[in-house]
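Novice: Chain by chain, the residues run as shown.
Protein chains: 2
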Amino acid sequence: MLSALDLVRRIEAGELTPAAVIERCAEAIALHEPKIGAFVSLDLRDARRTAKTCADALIARPLRGLPVGVKDIFDTSALPTEYGTPIYADHHPIGDAAMVSLVRRAGGLILGKTVTTELGLFQPGKTRNPRNPEHTPGGSSSGSAAAIAAGMLPIALGSQTGGSTIRPAAYCGVAGFKPSFGLMPTPGMKCVAWHLDTVGLFAASVADVAFAAASITDRDLRIDRLSPEAPRIIVVRTHLWSEVSDPMKLALETAVKTAQAHGANIEDRELPSIFEKAFRSHNVIQAYEAYRVLAFEYDHHRERLSPALHGFLEDASAITAEAYQAALTSAELARKALSDILGETDVIFTPAAPGGAPKGLGSTGNSTFNRLWTLMGVPCVSVPVLEDSEGLPLGVQVVGRFGCDHEMLRAAHFLELAIVQGRG
Amino acid sequence: MLSALDLVRRIEAGELTPAAVIERCAEAIALHEPKIGAFVSLDLRDARRTAKTCADALIARPLRGLPVGVKDIFDTSALPTEYGTPIYADHHPIGDAAMVSLVRRAGGLILGKTVTTELGLFQPGKTRNPRNPEHTPGGSSSGSAAAIAAGMLPIALGSQTGGSTIRPAAYCGVAGFKPSFGLMPTPGMKCVAWHLDTVGLFAASVADVAFAAASITDRDLRIDRLSPEAPRIIVVRTHLWSEVSDPMKLALETAVKTAQAHGANIEDRELPSIFEKAFRSHNVIQAYEAYRVLAFEYDHHRERLSPALHGFLEDASAITAEAYQAALTSAELARKALSDILGETDVIFTPAAPGGAPKGLGSTGNSTFNRLWTLMGVPCVSVPVLEDSEGLPLGVQVVGRFGCDHEMLRAAHFLELAIVQGRG
Chain A
46 MLSALDLVRR IEAGELTPAA VIERCAEAIA LHEPKIGAFV SLDLRDARRT
96 AKTCADALIA RPLRGLPVGV KDIFDTSALP TEYGTPIYAD HHPIGDAAMV
146 SLVRRAGGLI LGKTVTTELG LFQPGKTRNP RNPEHTPGGS SSGSAAAIAA
196 GMLPIALGSQ TGGSTIRPAA YCGVAGFKPS FGLMPTPGMK CVAWHLDTVG
246 LFAASVADVA FAAASITDRD LRIDRLSPEA PRIIVVRTHL WSEVSDPMKL
296 ALETAVKTAQ AHGANIEDRE LPSIFEKAFR SHNVIQAYEA YRVLAFEYDH
346 HRERLSPALH GFLEDASAIT AEAYQAALTS AELARKALSD ILGETDVIFT
396 PAAPGGAPKG LGSTGNSTFN RLWTLMGVPC VSVPVLEDSE GLPLGVQVVG
446 RFGCDHEMLR AAHFLELAIV QGRG
Chain B
46 MLSALDLVRR IEAGELTPAA VIERCAEAIA LHEPKIGAFV SLDLRDARRT
96 AKTCADALIA RPLRGLPVGV KDIFDTSALP TEYGTPIYAD HHPIGDAAMV
146 SLVRRAGGLI LGKTVTTELG LFQPGKTRNP RNPEHTPGGS SSGSAAAIAA
196 GMLPIALGSQ TGGSTIRPAA YCGVAGFKPS FGLMPTPGMK CVAWHLDTVG
246 LFAASVADVA FAAASITDRD LRIDRLSPEA PRIIVVRTHL WSEVSDPMKL
296 ALETAVKTAQ AHGANIEDRE LPSIFEKAFR SHNVIQAYEA YRVLAFEYDH
346 HRERLSPALH GFLEDASAIT AEAYQAALTS AELARKALSD ILGETDVIFT
396 PAAPGGAPKG LGSTGNSTFN RLWTLMGVPC VSVPVLEDSE GLPLGVQVVG
446 RFGCDHEMLR AAHFLELAIV QGRG
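Residue numbers (this note's numbering), protein chains in the order written: chain A, 46 to 469; chain B, 46 to 469.
Bear in mind the hints are in silico, worked out from the structure with no lab data behind them. Please note: incorrect hints may appear among the correct ones.
Identical copies carry no separate label here, and so any pair may be met within one copy or between two of them.
Computed cross-link-like contacts, SDA-like style, restricted to lysine to any residue with a CA-CA straight-line distance of at most 20 Å [as the list claims (entries may be wrong)]: (1) K171 - A75; (2) K80 - E452; (3) K381 - G448; (4) K381 - G422.
Nothing here was measured: the structure is a model prediction, and the numbers come from that model.
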C-alpha cells in the first residue's frame, strides 16, 4: 500500500516529486485495475499535467500534490459523475462537491472516480477485493477501499450512511475513517439519508487517514507526530455478538490484549437495551429519508433502478411519519446515553464487521456493526488486526466521543502501533 | 393574497379546478410581475397543460394541483437554476431537489422559479416589495415572499441560513415558516452553511403555510381544523432590543396584549448571556462553512462574485478552526439552555425584524433577529401584526421548541386569529 505520510515525507525531503508519485500510482493501476475494477473513470493525463506544471504550488500545500480518488457519488466537473446508476450515465455536473474542492485546495490531485454501489445503497459495482478477488470488497465505497488496498492510491474519499466506509475498509484491510457527523461537508455528495450521510476517508493506516483528514479539513487531526498514549477503552460486544464469526471474535480479543499489554485501561460493557432500539431505528430513518431524497429517481426513473433498490424504496414508502419520528427520538435518547456511558473513556473497541469479507460479488456484506455508530454520529475508524484462515483482513472498529475525532484517531493509532509491534 | 386553504377547499367542493387556479395566478402575474420582479423564470405553459390533462390525479393529492413557486436555489430539471449568480446562467440541473420532488408528489405544480439573492447571501436580486416598491422585500428568499404578498402564488419554497425566510415574510406581510432543522430535506438546494441551512415555506397565513408543510412532508402539521387553544408564551426582547424600531416594539406589545386578552399565559424573560455569545457564533459558523461549501465558486469563478460576497468569503478564509469549533460549542450549550428555558412553555414571541422593510433596494435588510433561532434549529414563523406609518407590515416571530413544529404553528395560528378578531 502507499502510505500518504511516507510519500509526503519523501516529497518534503526532495526525494520524490508529485509527478513521480502519480507514476507510481499509474504503474499500480496498470497492474491491478484490470483485475480489481476500483475505478469508473481515470484522469491520469490531467493529473500528470498539473503535477508537472504546478509542482511548486502543489508542494507548498498540505497534501503536497498527492493523488486522491473520489467515490463516484461526489460531484466532479472534470470527470463524469454517475452515482453508480445508469440513470446518470455520463452525467457531467456543473461544479465540484465541497469535499472535492477542499481536496484541491489542500493540494490534492483528483486522479479518478471510484466505484460506488447503486446510489450508495445495495447493488454492488464491479469492484473485487484486492486481498482475494473472489470476495466482495464491501460497499458502498467499494472502489475507494480497494484502490487503497491495491496500492493504486494513497488517499480516497468515500461516504457512510450505514457502514459504507468502515465495512469496506475492514474487508480490504485498510484504514477507513468516518468522522463525527457534520465535520466534513456533504453538499455535492449524492444524499441517501440526511440525518445519517457522512463523508468517509480511506488511507493505508490510521496515521495516514488522520493526516489526510487534517490536510483536507485544515483541522487538528494529525496524530503521527504525537507520542502514543495508552487510552481508556470500553469493549462493546453489542446485542449482535452471536452474529460475530470466531475469527472476528479472536481479532477483537487480540486488539484488547495487545492494547492492554501496552498499558491501556480496558473495561467490558454491555450496552443497555435503548441501543438495541436505536440500532433498529437506523433502518427506519435510512429508508424513510431515502424514499424522499431519492424521490426524483423513484418517481421519474423507476425502471432503471435495480430490483433491490426498487423494492427497498417501495417498502420505504409505507413507513409512517410516526414511526420515523419515534426512530429519531430513540436515536436522540441513545446519543445522550452514549455520551454518559463514554464519560471519561476515550474509545470503544467493537467489531468493524461480522467477519472477513464474504465470498462472492453479489452483495457487499452487511452493515450490522456500523449502523448504530453512524446513527450516533460518533467518529469511527477501522484498524486491521488479524487475518482469517483465507488471508482476509479482520478489522476492529475504534469508536470515539462525538466531536473528539482527534482523540479517537490517536487511540486507534495507539492500537495500530501496538499491533505492528506485536507482529514485529 | 391567495389562501392555499381557501383554494383547496373550493377545489374540494368542485367550485374551482387546478386549471382555474393557475389562471388566477397568471392574471395576478400579468398584473404585478412587471413591477415586482418576483420570478426569474415561469412555466405557465407546462403548468396549464398538466392542470388540464392530469386534473383528477392532481385533485386526489394533498396539494390538489395548487401552483407552487420555488426559490431559485433549489434544483429543477425543467427550469433553469441559477442560484442568483451569473456563474450559473442558464444552468439546467439533471434532477430535481428533494423538496421539489416532494412538492410534485404532493400534487403541487411548479409554476416558476423565484428570485434569490446571490447564492442565498447578501447581493439583492431585482425583486421589489409589493407593499411599497421603493422598499426591499427582504432576502434571500425575496421572490417567494413577494410572490405570495402580491397574490401571484398561494405557496412558495424558500430557505433560511440567517434570516432568509422569516425576514422577507415579515417585510412583505406574509407567513414565512422555518421548520425545525432537519425536518425538510435540503439536498438539491444550494448550500451556504451545512449546520444552518433550513428549508423555508411561504403562504398567505399561518394556517396556509401549515397546510402546505403538512401536504409536502406528509406529517401532522396542519392546524386549521383544531380549535384554538391559548398557549403559554415567553416574550424575549433579546440583547438587541435597542435596535428595535418603535413601531416594531408596538407590534410586539400588541401581539402580547392581544394574546393575553384571548387567555394566553405571558411571561417576560431576559435570556442569559450565553445566548449573546451564541448569537455572535452564528456569523462565525456561517462564514467558516460558506468559505468551504462555496469553494468551487470562490476558487474558480471569483471574478463573477459580487464585491460583497467576494469580500465576505475573503474575510471568512481567515477564521480559524478553533474559532469555528468554539462557535459550534457555544451554539450547542445555548441549545441545551434554550430547551431548559422553554420547559413547559409553548412558544417565544420576539420581533421578526428590527422594523418594517427598509427603503431602497441596495440591501435586503439584516437578519439580526433571526440568526439566533436559525442557529438553535428551532421552528419559527412570522405573523403580520401591525403596519408602520408608511403602511409596511410589522411581523412578530413565533418560536417553538425543537421538533415541536405543530405546537408552534398552532400557537402562531392562535395569535393570527386573535389579531384578525381584534381588527374585526
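Novice: Look at each hint and say if it fits the structure.
Specialist: Results of checking the hints against the structure:
1. In this assembly of identical chains, the alpha carbons of K171 and A75 lie at most 20 Å apart only when taken from the same copy (17 Å versus 54 Å across copies).
2. For a Cα distance limit of 20 Å, the shortest separation of K80 from E452 qualifies neither inside one copy, at 38 Å, nor across copies, at 58 Å.
3. Taking CA atoms no more than 20 Å apart as the test, K381 paired with G448 passes in both settings, with 14 Å inside one copy and 17 Å between copies.
4. With identical chains, the CA atoms of K381 and G422 are at most 20 Å apart both within one copy (11 Å) and between copies (18 Å).
In summary, the one numbered hint that this structure violates is 2.
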